[in-house]
Amino acid sequence: MKNLRTYFDEDARVVKAVDGVSFDVHRGETLGIVGESGSGKSVTNLSIMRLIPSPPGRIAGGEVIFDGRNLLALAAEEMRRLRGRRIAMVFQDPMTSLNPFMRVSRQLMEVTRLHLGHSKAEAYEHAVGMLEMVGIPDARKRADGYPHEFSGGMRQRVMIAMALSCKPELLIADEPTTALDVTIQAQILELIKKLKQETGTSEILITHDLGVVAGTTNRVVVMYAGKVFESATTTELFAHPGNPYTKGLLQSVPDPTSDEQKELYQIPGLPPDVANLGPGCPFAPRCYRAEPICKEQFPPFVELTPAHHSLCHFADEVYKGAS
Amino acid sequence: MLTTPIEEDVVGTSLWKDAWRRLRKNRLAIIGMVIVTIVIVASIVGPPIIRLLTGYTYDSIPNDSALIKSFPPFTAPDGTFSWAHPMGTDIAGRDILARVLLGGRISLMVGIISTLVSLVIGITFGATAGYLGGKVDEVMMRIVDVLYAIPYMMVVIVLLAFFGGQSPLGQLFLLFAALGAVSWLTMARIVRGQVISLKNQEFILAARATGVSTWKIIARHLVPNTLGPVIVYATLTIPSVMLLEAFLSFLGLGVQAPLASWGSLAADGIQNIAIFPWQLLCPGVTMAITLFSLNFVGDGLRDALDPQMRKS
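Protein sequence lines correspond, in order, to chains E and R.
Numbered according to the numbering used here, the first sequence terminates at residue 590, and the numbering increases by one at each position without gaps.
Numbered according to the numbering used here, the second sequence terminates at residue 684, and the numbering increases by one at each position without gaps.
Just so you know, these hints were derived from the structure itself, not from any lab.
Worth double-checking, as some hints may not be accurate.
As the list claims (entries may be wrong) - Coverage of chain R stretches by chain E, computed from C-beta distances (three or more under 8 Å per stretch; other residues unrestricted):
1. 478 to 487
2. 511 to 521
Claimed, not checked - Capping the alpha-carbon separation at 25 Å, the derived lysine to any residue pairs in SDA-like fashion look like this:
3. R:Lys571 x E:Glu416
4. R:Lys389 x E:Arg370
5. E:Lys283 x R:Glu574
6. R:Lys507 x E:Glu503
7. E:Lys460 x E:Glu503
8. R:Lys389 x E:Thr363
Claimed, not checked - Sample of chain E residues lacking proximity to chain R, with all beta carbon distances greater than 12 Å (derived):
9. Lys283
10. Asn312
11. Val357
12. Lys562
Glycine is no exception: its CB is placed at the ideal position from the N, C-alpha and C atoms.
Pulled out of the complex, with its shape left as it was, chain E reads as follows (with noise of 0.2 Å):
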């Protein structure tokens, strides 16, 4: 994906969800986005599979290149061919993702029928044989219940098995473990962890949650403004950030080794108003690190290591002084 930007015309400004964003994601691999709330994490992810609401929102330019092939460019019809098929996506709440007026089996049915043109009989062992997959017991007589009758963890499954059931080449988890609770939250990761290794898909994991970020994902990209602050792969991130916004990040995650009882950190501030920014760096307001050049001119995207990039005029400094 190349310099990605959707925008939103909002009355008589332009909201700029995502302003050039640029990652990859290579076979099989996962790699993580995070982000705090409105950084453009899920926007980015709905522009991929050309999901925004449509007005206000358009995607004002770049390239999303899927197996060769521009899906920005692609028509109406065949992009919605491939929704599902070839990537497929898991929603943040579960509790509202299904439809409830429908029986689960017939919604799971619903993906197999319209892309593997699979009949209703096929459709509905198929249905089962996912449920069983993702560890919802007695799957067989549960496909008929509603909704309702499921709880969020099981639901949670269920949109998986959904999103899994054609066995797509990317997988786009939009914080699927950020309405669950914290037993269910692993078991949710464990099981698309495993299911990914089986059927070999890649994955866009999105989350706030950096715990979740290091235990799953290959690589990381950080997410600031609607613009990519940092990438790098998770261990290089987690043990050498070269950003003082990750640092930041990473230094706000309670440590439950310490017992010193000191206060946690927290960046100072909110996020920007992405609708009227400056010509500086988005995060000088609230960063430690800021000097009067960060006000004025745009931050460079500096090269770390090959696999290493940076949004910042300190970019080095703040990289060698985390090693």
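Position chain R relative to chain E; hints supplied.
Structure of chain R alone, referenced to chain E:
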């Protein structure tokens, strides 16, 4: 692994079953349903049974000219008690019970078919406008506003006066179409409102993300979710359409003789109200009871399908 103990037979309790359980507790609604059922059954099987038992049909005028006059209910020509005409006869000596039952057939048919017509138009129109949104929605809903502004009674009267009057049956179909065409507007608005509130739900996004096409999303995901309010509104539309039909027939624009509806029977009856009150009362009371019952059913359904509203 998740090891929730599961009971032996987990059967899907649908939202409908819940609603039905709540509806059963509403005594008025149940009484209403019983009465409506009786009226429907009676108007379907009633006329042939009367014909078998007594030989009367809705349009059989006695051959004996002495019998072509109005007899009060339960009265034989010689003034003694008789079961022959439980509702008496009209001026032409026709059995009023047979006519009321036939009128019920036509009134109910008009009510149900016109409501179905309005359902089909209203749901299609409203769901399309609501889901597509934007300019399409704007244009479609302005059309509805314009149609709202035209007095619908006028439209129906003009339609009936213009195209009507050929054959009794043709008139009947015209009535279905005309009443359906004016009563879909509110339905369209209700469905549109529902669809707008639903289309931002995640399961619609999820359906789009799995590549379901727009029309399938509307038909399979949106419309079933609007069914609750739609059913309630439809059950309340039936009596209002029936009343409208009665009004039109009362004015002589609706059902033409020899067919009869409750409205046209009432129109016939009112001419002689001082002397033969039963000719107005019998069709009038039957209609009133039926409409009451239908409204109770509608209210009951609304309470059953929308439990939050009842508590407030």
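Against the structure, the hints come out as follows:
no., hint, verdict
1, 478 to 487, "violated (count 0)"
2, 511 to 521, "violated (count 0)"
3, R:Lys571 x E:Glu416, "holds, 23 Å"
4, R:Lys389 x E:Arg370, "holds, 14 Å"
5, E:Lys283 x R:Glu574, "holds, 23 Å"
6, R:Lys507 x E:Glu503, "violated, 50 Å"
7, E:Lys460 x E:Glu503, "holds, 21 Å"
8, R:Lys389 x E:Thr363, "holds, 21 Å"
9, Lys283, "holds, 22 Å"
10, Asn312, "violated, 10 Å"
11, Val357, "violated, 9 Å"
12, Lys562, "holds, 38 Å"
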